[in-house]
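Number of protein chains: 4
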Amino acid sequence: MIKMTNKSVKKVVLAYSGGLDTSIILKWLQITYNCEVVTFTADLGQGEELGPARDKALLLGIKPENIFIEDLREEFVRDYVFPMFRANAAYEGVYLLGTSIARPLIGKKLIEIAEKVGADAVSHGATGKGNDQVRFELTAYALKPDVVVIAPWREWDLRSREQLIAFAEQHQIPIAKDKRGEAPFSVDANLLHASSEGKVLEDPAQEVPDYVYSRTISPEDAPDKPTYITIDFETGDATAIDGVKLSPATLLAKLNDLGRDNGIGRLDLVENRFVGMKSRGMYETPGGTILAVAHRAIESITLDRGAAHLKDQIMPQYAELIYNGFWFSPEREMLQALIDKSQEFVAGSVRLKLYKGGVHVVGRSSPYSLYDQDLVTFEEGAVAYDHRDAAGFIKLNALRLRTLGQRKKKLGL
Amino acid sequence: MIKMTNKSVKKVVLAYSGGLDTSIILKWLQITYNCEVVTFTADLGQGEELGPARDKALLLGIKPENIFIEDLREEFVRDYVFPMFRANAAYEGVYLLGTSIARPLIGKKLIEIAEKVGADAVSHGATGKGNDQVRFELTAYALKPDVVVIAPWREWDLRSREQLIAFAEQHQIPIAKDKRGEAPFSVDANLLHASSEGKVLEDPAQEVPDYVYSRTISPEDAPDKPTYITIDFETGDATAIDGVKLSPATLLAKLNDLGRDNGIGRLDLVENRFVGMKSRGMYETPGGTILAVAHRAIESITLDRGAAHLKDQIMPQYAELIYNGFWFSPEREMLQALIDKSQEFVAGSVRLKLYKGGVHVVGRSSPYSLYDQDLVTFEEGAVAYDHRDAAGFIKLNALRLRTLGQRKKKLGL
Amino acid sequence: MIKMTNKSVKKVVLAYSGGLDTSIILKWLQITYNCEVVTFTADLGQGEELGPARDKALLLGIKPENIFIEDLREEFVRDYVFPMFRANAAYEGVYLLGTSIARPLIGKKLIEIAEKVGADAVSHGATGKGNDQVRFELTAYALKPDVVVIAPWREWDLRSREQLIAFAEQHQIPIAKDKRGEAPFSVDANLLHASSEGKVLEDPAQEVPDYVYSRTISPEDAPDKPTYITIDFETGDATAIDGVKLSPATLLAKLNDLGRDNGIGRLDLVENRFVGMKSRGMYETPGGTILAVAHRAIESITLDRGAAHLKDQIMPQYAELIYNGFWFSPEREMLQALIDKSQEFVAGSVRLKLYKGGVHVVGRSSPYSLYDQDLVTFEEGAVAYDHRDAAGFIKLNALRLRTLGQRKKKLGL
Amino acid sequence: MIKMTNKSVKKVVLAYSGGLDTSIILKWLQITYNCEVVTFTADLGQGEELGPARDKALLLGIKPENIFIEDLREEFVRDYVFPMFRANAAYEGVYLLGTSIARPLIGKKLIEIAEKVGADAVSHGATGKGNDQVRFELTAYALKPDVVVIAPWREWDLRSREQLIAFAEQHQIPIAKDKRGEAPFSVDANLLHASSEGKVLEDPAQEVPDYVYSRTISPEDAPDKPTYITIDFETGDATAIDGVKLSPATLLAKLNDLGRDNGIGRLDLVENRFVGMKSRGMYETPGGTILAVAHRAIESITLDRGAAHLKDQIMPQYAELIYNGFWFSPEREMLQALIDKSQEFVAGSVRLKLYKGGVHVVGRSSPYSLYDQDLVTFEEGAVAYDHRDAAGFIKLNALRLRTLGQRKKKLGL
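Protein chains in written order, with the numbering used here: chain A, 1 to 413; chain B, 1001 to 1413; chain C, 2001 to 2413; chain D, 3001 to 3413.
Derived from the structure by calculation, the hints contain no laboratory data.
Positions of the beta carbon are idealized from the N, C-alpha and C atoms, including for glycine.
Errors might be hidden in some of the hints.
[Said to hold, decoys possible] Some, not all, of what chain A presents toward chain B, calculated at C-beta under 8 Å:
id, residue
1, Asn66
2, Gln170
3, Ala308
4, Tyr355
5, Asp372
6, Asn397
7, Leu404
Make the full structure from the sequences, and use the hints.
If you want it as structure tokens, here you go:
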């Protein structure tokens, strides 16, 4: 039996970015719950220094032993991004799940710290209309069923930017000058992507203003000469660029640079949130976009048709599970087992041409290639493929259709 | 009971392009089967004049009443291409099925003519290693279960280019100069695409030489300024470009022009054939690539999540059916019913930016839009969405995960 | 924009059974919301007289023009049960969805009456832990997006049987003697089934006591001689028993009699509720169990393999949608379009042997049969099937497996 | 590159039952291919002595070192039957795949022996119209890509029973008296099932004559008192009956006895063969039928909903793969990985009532049960489930449906 804890929490671990919003939450937790606050700040490659977050936490009265800061970049890419890319996962056909895939890792760390420090609650700064609250909380509940989750945006009565600023001022929370006004859009970022949504992006009929992009230059500004690169793969994961072995996070960072410089990975999308409404977002996934193309290319010569089609078939569901926050669910793990089973020989090299926003496969090779030039040659030689087999193959495939045709004829249809 | 006809056919309808290969087939049929040959030549937008095909058929002794020539472009786009694009169909993630979708239409016409002229057989020029033989023949068998299918490439003993040329010379079949030697690659084309494969394309590690492309200029040669266009949709089908209503075939032709000029729609692919081997092909689908992006965009604001995800889920199977030649199968028709059911309100306008090989959605709007700005606004107003609902939503979604977590805890895992 | 109505409702339509619980709800609505209550009582074949419900509503102060009573049996079977059985729907492999399928119809009627009488709210007696609340409310919201749904069991503070009885006594609600105490289990019933759950059924290790069953005699008590029947189908729906044409509801009632007498259709199940927990229920679906077996049997000779397998593949999802309450969703309607498309020739006769809980197919015949004795005869005749075709069929199906085998060999695996 | 061997084989391994048909094949191979024949006879629980097979092989001139006889019963159940039952596999809704699952094991052994004795070919006695030829040969080609497969029934010109008998007489092959005439039906049997098809079973409108059944008594002849048994499971596999631990094959044999005595597991079916036609078969799977019910029951309390529904969803495809002969394919292995991943905690006990053809679950319990009585109790206590959460859960699930409803209203639909 799972006991419902009442809301008198003693210690809460907060996913703390060091920014204004989570600083307000930090203070609000102290006041509202009169509890000890533990902060957790992770480097997932969002491109911000973590030092200031520590300073700010100290300033807001967090005890040094309650401040947790961790560089998760390698774990993030190795254990979350790469497994997901093995699946060629894309939500609603195109979204590479850059935000979705980071949440379970942060949630998991929150719970690990909660277990370590004996906290009974966790808290996060995701709003009440988005998917991220779901992703954080499903993770937390899955890993610590009796945890109390505090989602301030769903609980407090701070209803506007003005009220937030007033609260911050009242509690001596430092406010950066550019944070006083309403942000024209909100951003999430990690090593895989940056996403923006809200305000100036809310009308899906209007083109995304150029100033919203932060991770890529525009295709128009990209070089007039294509860039050629080679990516190597082993058991489905990228391991080297242009022959240079790189760790997962370093490799993705390198691909991000390549993508940024060639205007690659911008996506303007109206998507369906798990909580039931449509939203319009802008995503930049420079390295991920390159990686996705390359992974399909190496699979194209190393993966059997049956395996490849099965993967394609279950992919939308796999992507939906991640989007909806079910990373730590039995069904995601089962699908992962299926996917991973297929990747043993997904190894070799893919050559790509990057040009003004485009990623074009121009070559692939592998010691495990299933592509057999002899089999596809038009002229027939002493090979396994006998043209006459095709007749029997077609005849038996046609048999049920002929029977149906016969019925139609009989019925005069 | 379906009777097997023996091979003493009286009249055969041949899918005749007027080119050297099908001219050889024509003659070979006359000789080998000693039967009357009826030719069928279709304009599917392959970009060739049909007049010469008639002349050549006459020259080869086909009676005028046995020469059938038909412009199928509108039927092709309206009844085959558009229904398929409603599904966002892509084989193995990327191939837009340009060749696959034309075969059932040609096959259907062959059978219609066979019924009209009282022919007992049909014949085609597809080779014994490819998918097209399957697509032609499944169609033929489905629509006329007792038809005899003659596939010369599987039957004759002409084993090399030299032998083919010798046969042609022996039988006074005119040979264009550039057809004497082995072609460096083979091409299939229609209004939706051109595909090339074989010879110079056979090594998947080698980049496709530029001279292989016929339908698009290279992204590098495309204009330095983006082209903006608007496509209108009704019930899932494109109906206008930049506000100008166009018939299906005219619209696709216009998109092809736009795509060609902007270097859009090139695809270098290793794919899995139905007959069991991998092959490497190069596809150019300029207009189709634009259309595919636009269709997903108009769906993004007009299609409900449940409908959209169900479509995504069944898409790979739908695409595989078309690729494998099962257009005229009950399961394709069932999936089409499912897809078409979803398209009633897929209407509105999509604005696109075409730039050097890229197709970027920059706006979409619809009188049937399900995107509701009030629902996604961050600040909460007097709207349907109550932040507190999210708590319950997450709690019940988490319940089974918590129960699982509880079990793990109990077991000390 | 969907406005959130506040809870000051003016008129509410209540799904009213005439029983104690919904009578208490009726009174509670009057008191709590100070609003006009409209009652709706439906005959779905639950086996209770509707007259007393009218009397009781009058007694509780409902105006005659606010009392709606309707016989929905034919509509229920024709438009809900039969379409579902076309899909061979079974939740979690076995549950024939007897409760689930009735809820959307009741919900739809509630909304129709609400529109007619100008009510702004609907109410029901489903508890806060079950699936039925979801089914009622998803239906209501889908059909009238601005409706207020009042779910007393989630709102009131009546926390025990004693408190309910006290409330009833306080408000002069008549209490049948056997309703004073806690019921040993709760029952839902309609023409398709009766279900029981709770209390005495809560331990899934304990056999269901015999007194819980109401719709069937036990297999042990059933006749020692089998009963043979024939069911005729047209376009996927049953139309006659033993040659006698019957309306949908009459036919199902007749099958219920046959099932009851032969101990057919008992199911003891632990299932997964949509709201996240497992529950143990006992179902009796006598006629439905017979119908399900018969429908698969008529499909077995009239449905093509491609169609049949596609149906099998999407069935679990279709069943889940109905179980979860999404009857009025685009995805259920899309799946229904797919299913219905397949049923055109699902017609003919099925002969069944009913014996002590078992339903055994012993024969099927159809003017549309695709079963062709000539095709399956072992000896080969002048038929469509040439044994040698099988060699080519197998060879090409094996080609990719051989290529894989070759790779393994090359790698020394 | 896979070389096509020509048909000059040196040594062939034959799947040899010792019966008349495979004895004729043995002789025919010697004569036709002038090659050394190696026989393989397996005990899969078909219920026949293997000694006579050895004697007959010797009599027909097979060298002792070329006679292989193996008891595969434990391997069959442990590595084939049990993994398949973890999936709850049923082809076309009902067929438990008793024949299909045995073929890959036999095929694998043929290849193992071929490798051991240096044979270049294998042969089997499956006919050219059935599924078994496909299952044998796909297995053989997958495991030894360069093997030659000899399928006499597709090659020879023995076209009738008379010709077979004449051939046997001519070559001194002993003929049992009852084998002279045409068998009224053909049988396949192993530890999992017996199947019968052909001749007297060919009219699907006619009830299966009682003499066709060999593994079960009829329900009518079964005891008038139910038999209660308990089956224990560990990681998804049955391990004990009534508390007595049994090896896989022993356990299945015991269940067969129980099933036989209670008239359980008869199935009269028209199914769709992979080779394209429908066929009518009769199956007896006494123990398997009990096992299938028990496995679902133990899963019902130990498997999470997400896991269970995913399994249900992929099951038809998994079953089809086995039916079609793709046991040794990457996609079957991927699906198996998915399935096996789910079975870790599928452990506990299921109590069943066996009665006159019926298998009824009457209890299940497990140390890993996810069924939580506190969660489903109607009265609310201090538990995890808060009734009010349901309101939010429903609201957000309804949100997209309300938006759709709003659109309809706006459009006046």
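Comparing the hints with the structure gives:
1. Asn66: violated, 25 Å
2. Gln170: Violated: closest Cβ of chain B sits about 20 Å from Gln170 of chain A, beyond 8 Å.
3. Ala308: Cβ of Ala308 of chain A sits 6 Å from chain B, so the hint holds.
4. Tyr355: holds, 6 Å
5. Asp372: holds, 6 Å
6. Asn397: The hint holds - Asn397 of chain A has a Cβ within 8 Å of chain B, the shortest such distance being about 6 Å.
7. Leu404: This interface hint holds because 7 Å falls under the 8 Å limit.
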